Every structure is written in C-alpha cells, then in structure tokens.
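Since the structure of chain A is provided, determine the placement of chain B on it from the hints.
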Amino acid sequence: MSFGPHLFLALLEGTVTAFVLALIALGLSLVFGVMRIVNIAHGEFFMLGAVLAWSCSMLVGGGAFMGFAVALVVGPLIVGAMAVAADGLILRRINYQPESTIVATIGLLYIIQQLVLTLFGADARPVVPPIYFRVAFPWFGYSGYKLIVAGVSGLLLLGTWLAMSKTKLGLYMRATQQDQEMAQAFGVPVRRVYAKAFALGAMLAAVAGVLVVPIQQAHYLMGLDPLLLSFIVVIIGGLGSLKGTMVAAFVVGISDGVVSVFFSPTLAKIVATLLVAAVLVLRPGGLFGEEGS
Amino acid sequence: MSGRLTGKVLALHLGILGLLFIAQFVLPAYHHTNVARIMVLATYAVGYNILLGYTGLMSLGHAMFFAAGMYGAGLPIYYLQFGAIQAFCLGVLLSLVLATLFGLIALRTSGVSFLIVTMMFAQACYLALLYFNKITLGDQGFILSKSLESVSLGSFEFAFSDPAVKYNIALLLFAGSFLLSALLVGSPTGRVLIAVRENEERTGLLGYNTYKYKLLSLVISGGISGVAGAAYALLFSYVGASFASILYSIYPILWTLLGGTGTTTGPMIGTGIMFYLVDIASGLTSSYLFVVGAVLVMLILWFPQGIMGAIRTRWLPWLP
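As you go down the protein sequences, you meet chains A and B in turn.
Per my numbering, the very first residue in the first sequence carries number 1; after that it's consecutive.
Per my numbering, the very first residue in the second sequence carries number 1001; after that it's consecutive.
Treat the hints as calculated values from the structure; they're not laboratory data.
Values in this document were obtained by computation on a predicted structure and should not be read as measured data.
Even for Gly, the Cβ is constructed at its ideal location relative to N, Cα and C.
Residues from chain B shown here face chain A by an in silico Cβ test under 7 Å; the list is partial:
hint	residue
1	MET1058
2	SER1113
3	LEU1115
4	ILE1116
5	GLN1123
6	ALA1124
7	ALA1128
8	ILE1250
9	LEU1289
10	VAL1292
11	GLY1293
12	LEU1296
13	VAL1297
14	ILE1300
15	LEU1301
Bound-form chain A, shown alone:
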C-alpha cells in the first residue's frame, strides 16, 4: 500500500479510537468536574462493560445482534448500579477527600479486576460483531462495524451534551460543579447528584466497553490502557473542562491511531505521554483548564 492510502487507513483507525476514547474520558472528566475526585477504577468500569457484553452474547439467544442489544442496555445498568453502591458504601463515608478517594478507587480497581479474574477466568473472550459488513474503499476494505462504533459513540456524546445542557439533572450537575455549597443552599440535592454523576461516568465507560468488545476481546486486564489514555486526555485538555476533554480526546485518539498503524501501539502511548510533558511545561493547567489547577 502506498503512503496516501496508508495514512488514510491510519486516520480512519485514529478517528474510531478518538470517538471511543472521548466517551471514556468524558466519564472521567464529568466525575472530576462534579465531584472533584479522580476515579482510578474508571478503566475497570470499561472492562466490566466488555465482560458483561461477552456474558450477554453467551447467555442471550437469538443471534449476535440480540445479545449485543441486550448488553448495550443491561451492561451499563449493572455497572451504574455498582457505581452507586461504591459511592454510597465507600466514597461518601470518606467525604470525597481527594487523596483518600484515589486510594479507595485503587482498592476498587483491584477488587473489581480480581473478582472478574475469579469469575470469568484469565482468557481473552472474543465476541462476534452484531452487524458485519465491509466498506470497500478503492485501496482496502474496512470493517463497517468500526464505523458504526464511531457513529454510536458520536450520538452518545451528543446525548450527554444535551443531557448536561437541557435537563434538570444536567443543570444540577453544572451548578454543583461551579459551587457546591451554593448549589446546596439553593436546594440542589448534592449527595444524590454525586451518586448520579458517578454512575453516569461509570456508565459512559461501560457503554464504550460494550461497543469495543467485538473489535477488541474482553479480558480482565483491558482496563488499564483506556485509563492511561483518558488520563492523558484530561491532563492535556485541562482537568474538569468537558470542552478540553473533547478536543484532547480527538488530538490524542487520532495521533494514537496514526502512530499505532505506522509504528506500534506501545510507542503511541509513550509518544502521547511525552506530549503531556510538553503541554505541562507550556501550560501547567492544561489547554482549557483553570490556570495552575
């Protein structure tokens, strides 16, 4: 393949990565914005989504599409319920103190990961794509399912944005993000908003996991890479800035795709981290962050 089509393929791969990454990083960024906490177990929610999608494909009859459709609904709901439980049982009790929360979510990371290892085993589990077709470009054929993943992710991003800007819950979340005490004084049920924000963040990661499973097999250690990439995204974009998260997700996702196709996925992650170093030297608060945050 000559350079032009090769680059086109790389950009295509990068765009798909970028959409999925945007979804995961948005969850992380949302949780940080509203609750001022970093969830280290965020990648595990993504992994849970993927593993649940595999379980659904095994348990639900009626072909690959039915299993997938059920997973798309049930996966995020189960993960969301787990997030609410984690919020009530752990995070609320330590009063969302930033460093304690980080340690607690590290603990949660290992608890979830090792439980999945016990229940599902250490093998990578493939899932058949619900829809299979190839898009024939003049130079190569491309998996149609990957384009659908990008499309669905795009719709979900749009949906989240609409929910944040048009619904009452979105209003509550933005109010809590701006000034938690003032929001409370105006009757916003801050505790409940926290639980919902934490669940919503986890569900975004879980949906991404369900979507990705037919491309990438389900495995109990798959949560670490998206966690690292999401961190890179939120630091470049500026912690707590949803706009920054979106912009950075596309910069990081597309460059990750390009470097992955031309060189190697491992090198892509190293390059992205160096990119972060450069951003930190020039703008410590990230591209769209509050300065010095």
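Structure of chain B alone, referenced to chain A:
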C-alpha cells in the same frame, strides 16, 4: 520535639535494627530469605514515605524510580560485566537523574494533577521497557547470577548467593535509609517538608521556596527507591519489567498506609505484614491481588492512620 534524634527515638530505631540483626540467627531458611526481601522492599517504602508521609505528596508512579535503580544496575552487569558496586552506584545515579528530571516537569502541577501525572509517566516508563524489549529484555526479564561476580573487600569475599550476605546487605541498606529518614525528619529541612505537608501556602508565605523543597523531597525519595531497586536486582538476581508496572507503584502506598504514613517505623511494619498476607493469599488463589484492593479500601474506611499512627495517637506521642 528537638531537632536531633533524642534518646528514646534513637533507642527505638537501634532496637528495631538490633532485633532484625539477631533475627537472622533464629529464623528458618524460608523466612530468612523472606525477611531479607522485606527489608529491601521496606527500604523502598521508607523512600516512598519521605514524599507521602513527610511532604504530603502522593505519587502513583514510584515504580519508575525502583525500576530505574534495578535496570541501571542490572543492564551494565548483564551486558558489560560491571562489578556489583559500580553497577549499584549507576542504578542509584539513574534513579536520581530520573527523579530530578521528572520532578522538574511534574511539580509544575499540584493536587490531583500531580497524582495523575506520576501514574502516567510511570506507565510510559513501563511501556518503554517493553517496547525496547531487545535491549531491556523487559518482557521475560533476565537473571544476573551468571554474570555477577562476588565482591571482595580486603581479605573478605562476599558471594551474593550466600543467604547470610544477602540478609546483611539488605539489613545494612535498610538501616541506612531508616536512620537517614529519621534524621531527615528531625532536621530543619525535614521540618520545612512537614510544614509543606501541613500548609504549603503558608510555608511559601514564610519565605520558603516550596517548589525546591518538594523537588528535594522527590529526589531523596526517588533515590532511596532506586537504592532498593538496585539492591533487589543484585541480591535476588532477577530484573524484569513487572517491577515497573503499576502494581509496584501501588505497593509502597499500601505498605506505608498500613504501617502509618508519616511515621519512620511504619513502612517496615506495613511491608512485613503485607508481604506475608500477599504470600499466603497467592498460595490460596490466583486472584490474590484481591487482598491488595480489600486492604486498601478497609484502611481508608476504618484505619486511615495505620498501625504506628494509631499507636502514636493512643500511647506514644513521641514517635517520629
């Protein structure tokens, strides 16, 4: 508290070291090796505690300093047949350089951003070890025993394969870092570090350059972690990328928290308990890291002071 090691404190520290020295004549072979390992890992925890416990900076990426020490010592032995002492110094030097460079960049952030950045860079170092697998042999790891010759000092010859040599070198390094941390904490510099932990803004307003103090703390902490990493490579003659993985950044947090952050004696106790807990759990199930997660959550929920922290609050307020 006075600026120097007072009688009681000095007696406690020397007492612990004395007990560890005597233990080697009593312990059965299996536990003998374990305690040697625990002392090297406790050195790592002591280094970590300087940053977390006494400067208030939590790092999620100390494995990169541990691994820098390990690879800085291991690779020259493997490829260039370096002697143990030169290799050890190189390992420590590498971790110091890495800690300085990293600190210059990462300390531009604060709060949770600092945490994320530490984790990110450590993961990048881990991935780099895997990516340059041809040189680092990170994937499979490598064994040093063939290329490592014994060290002779005067008329004595030390072979690293001798358990007694392992034990006493580990004890010596642990004692060094343990006493250094106790001295540092009591010194004027240590007082400033604690002031940074308690209230960075106020410390800055008092005229201290908090950035420089934080960098100093990070470099000392990273350097001691490097000492532990280099010692681990020499004494247990295995070098592998798994020691740079996120788990080895989490372990020192766990050890320090369990033993008590901001206590000089806590890291050793936490390391010892967790080492045996993980050892027992790994005999029972392949999902033994569940213990790590469960202990972390339980500590944060019900026992945030850790063992020595609780003892200090209840009974011994003079503990450093």
